[in-house]
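Asks: Mapping of the sequence shown onto the numbering used here: residues 221 to 542, in sequence order.
Mixed in with the good hints there might be a few duds.
Quick list of in silico lysine-lysine cross-link-like pairs, BS3-like style, CA-CA up to 27 Å [said to hold, decoys possible]:
id : residue 1 : residue 2
1  : 260       : 407
2  : 453       : 260
3  : 528       : 480
4  : 542       : 377
5  : 528       : 542
6  : 480       : 281
7  : 407       : 377
8  : 528       : 290
9  : 453       : 407
10 : 290       : 407
11 : 528       : 239
12 : 281       : 260
13 : 480       : 239
14 : 242       : 480
15 : 281       : 528
16 : 281       : 242
17 : 242       : 528
Keep in mind that the hints were calculated from the coordinates and are not lab data. Please read these numbers as outputs of a predicted model, since none were measured by experiment.
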Amino acid sequence: MTANPPLPNYLSHERLHLKVSKRNQALARTLDNTIRMLIKPAFAWFPGIRLQRGWIELIAKVNHINRAAKRTQSRIGGVLVEIHTGPNYEAGDGATLLYLHGGGYCLGSARTHRSIASHLAVAANAKVVVPDYRLAPENPFPAGLEDVLNVYLALLKDHTGCHRLFVGGDSAGGGLSLALARELHEKQAALPAGLILYSPWVNQQTESNRFGREENMLPSNWLQRCSQNYAGKQLQNPKVSPILGDWRWLPPLEVQAGSKEGLVAQIIAFCDRLVDQGCQVYYREYAEMWHVFQLQVGLIAEADHAIKSSAEFIQAQLDAVK
221 MTANPPLPNY LSHERLHLKV SKRNQALART LDNTIRMLIK PAFAWFPGIR LQRGWIELIA
281 KVNHINRAAK RTQSRIGGVL VEIHTGPNYE AGDGATLLYL HGGGYCLGSA RTHRSIASHL
341 AVAANAKVVV PDYRLAPENP FPAGLEDVLN VYLALLKDHT GCHRLFVGGD SAGGGLSLAL
401 ARELHEKQAA LPAGLILYSP WVNQQTESNR FGREENMLPS NWLQRCSQNY AGKQLQNPKV
461 SPILGDWRWL PPLEVQAGSK EGLVAQIIAF CDRLVDQGCQ VYYREYAEMW HVFQLQVGLI
521 AEADHAIKSS AEFIQAQLDA VK
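Take these sequences, add in the hints, and give me the full structure.
Replies: Rendered as structure tokens:
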């Protein structure tokens, strides 16, 4: 296995080797192999994006949903959303997290990410809003960005301030979270109190998305097709490949990755760039974990720890403004 690049001197950084039970280790290996067998081949071989979308929707049903969170549907900013509300959420005091699902900008939905959204809502005593933003290839860049911008601005209008509003996402949703932050910055709109990024896809340029066998989910050719479907010839736009941008104005952010995922090198390079620009970065890398392992929260200890870490990050930002 290729060694990971050394960690820069972040404000906070951890490479986590959690002490877990043998049962957890066995379950993690089973999940790793299952993802490798059921998801990666589908991305590589299934003809047509609709079949891939249906397959991911089906597989997502095995993930654990925290039933303590209340789930409702609504339209915010003209976009259909699912809202997960923690049992102890207080509208005047709790956090709201706009969570953007992953899926290469071509797959995924609020339904496929109910595990993450429901557990975050409970752990952070928060309201988690997951929009069904428009997907490529039917709706290429910047359609999805326009949708999440409308949701964010509507949420901002409903709050007394931006200090309780957070943005997060996984994989492509992590990249879209950064694109949203840049769009807000350009429009001189209020930025969120913080960003939470799980395995963010921050560089869509072809040469940075070629992976070895260690990556269990994402075939390189699939990512390249997603990039073309989504952004075409705009791969060097910082709203498409955030690693290319100037981010010195960003709010604090927590970034999580798995040591086995193909994106880990570009994620570390991105965090390094942010630190050089003076951003507050909290980076946590989980040993032997895969791309967006947080989806398996409620099943393995590493994912549980990751969600708890994000809840603590949210609370720290809330406490900072009290």
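Asks: Each hint needs a verdict: does it hold in this structure or not?
Replies: Hints, verified against the model:
Restraint check for residue 260 and residue 407: the C-alpha separation of about 39 Å exceeds 27 Å, so the hint is violated. Proximity of residue 453 to residue 260 is assessed by CA-CA distance (about 26 Å); at most 27 Å being required, the pair is judged to hold. Between the alpha carbons of residue 528 and residue 480 the distance comes to roughly 21 Å, so the proposed pair stays at or under 27 Å and holds. About 21 Å separates the Cα atoms of residue 542 and residue 377, which keeps this hinted pair within 27 Å; it holds.
Simply put, residue 528 and residue 542 have alpha-carbon atoms about 21 Å apart, close enough for the 27 Å limit, and the pair holds. Among the hinted pairs, residue 480 with residue 281 is consistent with the structure: their alpha-carbon atoms are about 24 Å apart, no more than 27 Å. Taking the CA atoms of residue 407 and residue 377, the gap is about 15 Å. The hint holds against a cut of 27 Å. Taking the CA atoms of residue 528 and residue 290, the gap is about 19 Å. The hint holds against a cut of 27 Å.
Restraint check: the Cα-Cα separation between residue 453 and residue 407 comes to about 24 Å, which is no more than 27 Å; the hinted pair holds. For the given pair, residue 290 sits about 34 Å from residue 407 by alpha-carbon distance, which is inconsistent with the 27 Å threshold. The straight-line distance between the Cα atoms of residue 528 and residue 239 is roughly 16 Å, inside the 27 Å bound, and the hint therefore holds. Our distance criterion of 27 Å between C-alpha atoms is met by residue 281 and residue 260, whose separation comes to about 17 Å.
Taking the CA atoms of residue 480 and residue 239, the gap is about 18 Å. The hint holds against a cut of 27 Å. Simply put, residue 242 and residue 480 have alpha-carbon atoms about 20 Å apart, close enough for the 27 Å limit, and the pair holds. Between residue 281 and residue 528, the direct Cα distance comes to roughly 22 Å. Compliance with the 27 Å bound is thereby established for this hinted pair. For the suggested pair residue 281 and residue 242, the alpha carbons sit about 25 Å apart, so the restraint of at most 27 Å is met.
Distance check on the hinted pair: residue 242 and residue 528 sit about 21 Å apart at the alpha-carbon level, within 27 Å; holds.
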